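*Asks:* Respectively, the protein sequence lines represent chains L and X. For what it's worth, the working numbering labels the leading residue of the first sequence as 1, then goes sequentially. For what it's worth, the working numbering labels the leading residue of the second sequence as 1, then goes sequentially.
There's no promise every hint is true.
In silico EDC-like cross-links for lysine to aspartate or glutamate, where the CA-CA straight-line distance does not exceed 20 Å [what the hints assert, rightly or not]:
| # | chain 1 | residue 1 | chain 2 | residue 2 |
| --- | --- | --- | --- | --- |
| 1 | X | Lys83 | L | Glu21 |
| 2 | L | Lys175 | X | Glu317 |
| 3 | L | Lys63 | X | Asp271 |
| 4 | L | Lys63 | X | Asp269 |
| 5 | L | Lys175 | X | Asp379 |
| 6 | L | Lys63 | X | Asp273 |
I should point out that these hints are in silico values taken from the structure, not numbers from a laboratory. Predicted, not measured: the structure shown is a model, and the values here were computed from it.
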Amino acid sequence: MCATAIAADSTGLTDIVAPLEHLRVLEAESIQILREVVAEFERPVMLYSIGKDSSVLLRLAQKAFHPGPIPFPLLHVDTTYKFREMIEFRDWYAAEVGVRLIVHTNTDAIDAGAQPFALGTQRCCGLLKTKALLDALAAERFDAAFGGARRDEERSRAKERVFSLRDAHGQWDPKRQRPEPWNLLNSRLGPGQSVRVFPLSNWTELDVWQYIDAEQIPIVPLYFAKEREVLVRGNTLTVVEHPFVPVLPDERLERVRCRMRSLGCSPCTGAIRSDADTVPRIIAELIATRQSERQLRVIDHDQDSSMELKKREGYF
Amino acid sequence: MAAGGLLRICTAGSVDDGKSTLIGRLLYDSRGVYEDQVHSVREASRHRGAGPIDFSLFTDGLKAEREQGITIDVAYRYFATAKRKFILADTPGHEQYTRNMATGASTADVAILLVDARNGVRPQSRRHAEIARLLGISEFVLAINKMDLVDFDREVSDAIVADFGALLNGAHTHVVPISALHGDNVIGPSDRMPWYGGPGLLGYLEELEINRDPAEGAFRYPVQLVLRPSDGFRGYAGRILSGSINAGDAVTIWPSGRTTVVNRIVTRDRDLDTARAPMSVVLTLEDHIDLSRGDMITVGAPQLGRRLDAEIVWMDERALDPARLYLLKHTTRTVTAELDCALTLNQIGSVGVTTSQPLIFDPYADNRATGSFLLIDPDSNFTAGAGMITRGADAYGASPVRRDAAERLAALARAASSDEAAIDAVRATLAELLR
Chain L
1 MCATAIAADS TGLTDIVAPL EHLRVLEAES IQILREVVAE FERPVMLYSI
51 GKDSSVLLRL AQKAFHPGPI PFPLLHVDTT YKFREMIEFR DWYAAEVGVR
101 LIVHTNTDAI DAGAQPFALG TQRCCGLLKT KALLDALAAE RFDAAFGGAR
151 RDEERSRAKE RVFSLRDAHG QWDPKRQRPE PWNLLNSRLG PGQSVRVFPL
201 SNWTELDVWQ YIDAEQIPIV PLYFAKEREV LVRGNTLTVV EHPFVPVLPD
251 ERLERVRCRM RSLGCSPCTG AIRSDADTVP RIIAELIATR QSERQLRVID
301 HDQDSSMELK KREGYF
Chain X
1 MAAGGLLRIC TAGSVDDGKS TLIGRLLYDS RGVYEDQVHS VREASRHRGA
51 GPIDFSLFTD GLKAEREQGI TIDVAYRYFA TAKRKFILAD TPGHEQYTRN
101 MATGASTADV AILLVDARNG VRPQSRRHAE IARLLGISEF VLAINKMDLV
151 DFDREVSDAI VADFGALLNG AHTHVVPISA LHGDNVIGPS DRMPWYGGPG
201 LLGYLEELEI NRDPAEGAFR YPVQLVLRPS DGFRGYAGRI LSGSINAGDA
251 VTIWPSGRTT VVNRIVTRDR DLDTARAPMS VVLTLEDHID LSRGDMITVG
301 APQLGRRLDA EIVWMDERAL DPARLYLLKH TTRTVTAELD CALTLNQIGS
351 VGVTTSQPLI FDPYADNRAT GSFLLIDPDS NFTAGAGMIT RGADAYGASP
401 VRRDAAERLA ALARAASSDE AAIDAVRATL AELLR
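Next up, chain L with everything else stripped away, as it sits in the complex:
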């Protein structure tokens, strides 16, 4: 049955995954959403996290408005703890695409010494991600913010709408969500309200990778396996880029062939042991794997229902 049909198989990849025709349907749906927002909102912006989903979103935006330019800026909320390679990629790719990039950091919190080991991940995310995001959106009065979140990522996201209404404080009320029948989107806002828009709602992690492969979309090299110097602690591999990451006396850095399955802040994002150094190999690995992509993200597990709580507070 399908369980065996999807089993890892290094040969004949096209035989063991669903046909690619569905990617064109997802693409068309996402483009429709992007255009609808530009038509109906005054000040849209795209939240750019530098990850693979952001890369796909950016490609879809290029397609939606071709032959015109992308008619909104990108916003990167920089915690200053992102991987160095992410920042290099961000600056190169924004210039390559020719889109305006806004970078916002909660400098007050950074100056006061905010970092995950001092504050705990919840409070650190709250200051450097959620608060920084809300401040940046308010500063330029953005009324619609695209995000690359997908419903398959996490179980509270499965109930998220394409247009996710936020109140004046950027917060989400899961019990007062607007129904979204058909592909008709209600873009009416009350005073102070805004929407987070998720054009990739119906994409899965596998869809994203297959699309990256089909479209040859550039992604951050951290996704590809190579030998990296990491701190090995149990099953967790951490790339140490900041002096505050505690290394215990009996621990040392090891060279391990590994890659990132999702990208976040370097102290809170673990690498996986992997030999997948090309997109097709990543897809093959993904089909074989039984671990979900957010498993290595410390922040989702810091509390029961933690993603739902973060979203209620204004996280995207």
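Add chain X to chain L, keeping to what the hints say.
*Replies:* What follows is chain X alone, placed relative to chain L:
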């Protein structure tokens, strides 16, 4: 659509019929969930004393739902097999959340109706089946669950099938007796029900052919955006809701009724000779016509009118008030609308609708995309209703009114015996048309 490709499913059933358990089982057995999710669900199941693994925890995503052990909002789930990709809308069984059931059904190709073998068809199951039919679903799977609790007895299953037959009259229904909890007939066939003899539920869905290919309908293309990046270029961005189009085809622009020719079909990858639903493209036209968002490009005439009859599902706690005006969003056009009867939350009714500007539409039965609309409360901005157009209700049918009217006026004028008679006839007809 031939078998293969994307299949959109919605599920329906009463509370406690085991819907979340079935979906959890489908995801688990088809590897739509990962090991760490299984681990956290296993931990939570143990915590709640729900046995080794409570499959419903894969889908009940919100904290309140897990606490109350119920599903309160529509959740979307994704899984794929070697044959196709599935998008599944898991919709709640509680009557007060009928609006979510309608939402889930609105985009679905097939509905899985789940009933508890011990209880048979209950009023809520009937209501959900009716909603799914109303929303245009013609493919059903009747899944008779908890067969393990009735000793896998064929007679129990047969009695439920007989009861349901009348309800789904006119729709195609496949019946599968299952045990979601134990996995019987969910993925593959179960040896505990040899009398059944059919494929498992997932096996059936993998092979199911849906006879509704939007690309085969009449060409309908609402303009989303006008793109004018440079002086020479003027393109109309949109999504093909139905039908297909070739460069060089003659098209009609609505509401003006003017005709022109498609010059180019532009995409970032390359210009296309042919494009079909559900693609998003950019069209350029031979003639410089004033065309903006909310207008529609078609082949073959849609209906056009300000008055129509519709089935409306009311989705807001604040009741439909015929004394108020609502916003109506249809394709890419938003107008104000008056409605002629009252409805309360989760009620469904036939309502007469009058709009401030004409809509360019087809009946919902012919075209889901051009036959559907949202109603928005202008005070709260909440999506208060979902509408499906039954028919146009303008004085002369809602056929392409303008062109017909012009022809009719011309015919009246020609037939009149004097100039005065012609003026009177035209004036009377105009008054009637503009009423």
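*Asks:* Is the straight-line distance between the alpha-carbon of Lys175(L) and that of Asp379(X) 20 Å or less?
*Replies:* Within the cut-off at roughly 19 Å; holds.
*Asks:* Against the 20 Å threshold, does the CA-CA distance of Lys63(L) and Asp273(X) hold or violate the hint?
*Replies:* 18 Å, holds
*Asks:* Is Lys63(L) within 20 Å of Asp269(X), Cα to Cα?
*Replies:* At roughly 8 Å apart (the allowed maximum being 20 Å), Asp269(X) and Lys63(L) satisfy the hint.
*Asks:* Below or equal to 20 Å on CA atoms is what counts here, so check Lys175(L) against Glu317(X).
*Replies:* With a Cα-Cα distance of about 13 Å, the restraint between Lys175(L) and Glu317(X) holds, given a limit of 20 Å.
*Asks:* Between Lys63(L) and Asp271(X), is the straight-line Cα distance small enough, at 20 Å or below?
*Replies:* Status holds; Cα separation ~13 Å.
*Asks:* Within 20 Å, alpha carbon to alpha carbon, are Lys83(X) and Glu21(L)?
*Replies:* 12 Å, holds
The earlier numbered hints are all upheld by this structure, with none contradicted.
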